[in-house]
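Undergrad: Given the sequences, and given the hints that come with them, work out the whole structure.
One line per chain: the protein sequences are A and B, in this order. Residue 178 in the working numbering is what sits at position 178 of the first sequence, and the numbering runs on without skipping anything. Residue 400 in the working numbering is what sits at position 207 of the second sequence, and the numbering runs on without skipping anything.
Don't read these hints as lab results, they were simulated from the structure. The reader is advised that the hints may include incorrect statements.
Going by beta-carbon spacing under 10 Å, a handful of chain A positions derived as facing chain B [claimed, not checked]:
1. D57
2. R61
3. A77
4. P78
5. S82
6. L86
7. V119
8. T120
9. D186
10. A190
Cβ atoms here follow ideal geometry from the backbone N, Cα and C, with glycine treated the same way.
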Amino acid sequence: MRSAIVLTAGIVSGLALGWFVFPLALYSTEPQPLHFSHATHAGEKAGMACADCHAVDEQGRFQGIPAVAKCAECHSAPIGESASELQLVEQYVTPNREIEWKVYARQPDNAHFPHNAHVTLGAMECADCHGPHGSSDTLRAYQVNRISGYSRDIWGPNISGFASNPWEGMKMDRCVRCHDDRGRRDGCVACHK
Amino acid sequence: MVIDLDRCNGCGACAVACAVENNVPPAHQQANTRNAVSLMNVSAVSNHEQFPAGDTAYIPMFCQQCENETPCMTVCPQNAVDVDPVTGIVGQVPQRCLGCRYCMTACPYHARTFNWRDPEWTDGMKAQLNPAVAPRMRGVVEKCNFCHGRLHAAREKAAAAGRNEIDPADYVPACVASCPTNAITFGDLNDEESDVCRLSKSDGAFRFLARLGTEPKVYYHTTKPWVRALAERSLTRTRQEEFHG
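TA: Shown next as structure tokens:
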């Protein structure tokens, strides 16, 4: 009886370690350099579309997170008196210094994700991959895998690898599943670089 | 792709452009032709005649993009090599490569090289790295992918304009763009009206080691019979090799 209790306790503590403590050790949490509210910009207050800032240049290249010059178009002087607003103008816009955002969706170097092919040709929505990020009020903390150096969003928030929402996880199997469903015939180098 | 060997003067601009485009690091101190990384090699060949009959030609050699029984793909235990069903380009994904170098043995053209070391760039050169191509690490094989970074850019540009098909003018590999004598013509061999298709069927067009039946998609062109004879040359043992066994 006693050995059964010890065995059960061992299994339970082992599982607890693996499922709850290991993820804490695996990921380090880093704050974003500045407060930013997508809800304020994309909501009723400013009424902007995703593509107003996350634009495509004349060469057809997706620009990702915009440069500080884009912020300066509206925020050349502080709008309101919040601390982050003053920080933006004084530390970044006025000295024209780029904000070192931590990119949640940054893929490994060898992955090539063409936004135009998916959004323009494939008629996908931003939220299909990025979830409700565009309506979030604060930037959540950025978590990085200590071993691989990749953002936690690549694996997904659930350590088991199962996604509870369709946009969670940005691994290759998700790309492949979607391409297979649509009957795409691609070689490896179509998406790898 | 069709390469006019009569126009090639062996300047090596294609090899330099290739290395810059594909983030091939500068050769290390002990590098030689067997252990340096190089996706594009230009070799000088001679007809071994005395003046005035002596003649030299230069042969740019790189992945010949075999269509049939692609040797490297066939032997790869990792599925790190595949032939793109749309473009016909033989793609190498170094991140899947385990470094067994079986493909290097299988390749009849010696078009593959192995990274014996981690790539090293000086600080100034790091700023010049091409973000469209991932650098390779120590222990993997690499080869010419027909500048896949440029194909990605052309596709992205077409997609931004709402087109599924790329503009052929947007996708030109670095070697083709850099050739000062315009010796290299690039395009879609399946397009009957393209220059590259017409040249590949012209007199004097040939492929190296065509007898192997791998159907390479890189053609060469020359008017010199002795250069053409090199294309099918077998490795015959010299008298000295016969003597020493």
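Undergrad: Determine for every hint whether it applies to the structure shown.
TA: Comparing the hints with the structure gives:
1. This hint holds: A/D57 has a C-beta 9 Å from the nearest C-beta of chain B, less than the 10 Å allowed.
2. Against a cut-off of 10 Å between C-beta atoms, the interface hint on A/R61 holds, since the closest Cβ of chain B lies about 6 Å away.
3. Contact between A/A77 and chain B, as hinted, is not supported at the beta carbon level, the nearest pair being about 34 Å apart and thus beyond 10 Å.
4. Annotation: interface hint on A/P78 violated; nearest CB of chain B at approximately 34 Å, more than 10 Å.
5. For A/S82, the interface hint is violated, since its Cβ never comes within 10 Å of a Cβ in chain B; the closest pair sits about 35 Å apart.
6. With a least beta-carbon distance of about 33 Å to chain B, the hint placing A/L86 at the interface is violated under the 10 Å criterion.
7. Hint status for A/V119: holds, given a least beta-carbon distance of 9 Å to chain B, under 10 Å.
8. Residue-level restraint check for A/T120 holds (minimum Cβ-Cβ distance to chain B is 5 Å; threshold 10 Å).
9. Satisfaction of the interface hint for A/D186 is found here, the shortest Cβ-Cβ separation to chain B being roughly 7 Å, below the 10 Å cut-off.
10. Here the hint on A/A190 is kept, as its CB sits about 6 Å from the closest CB of chain B, short of 10 Å.
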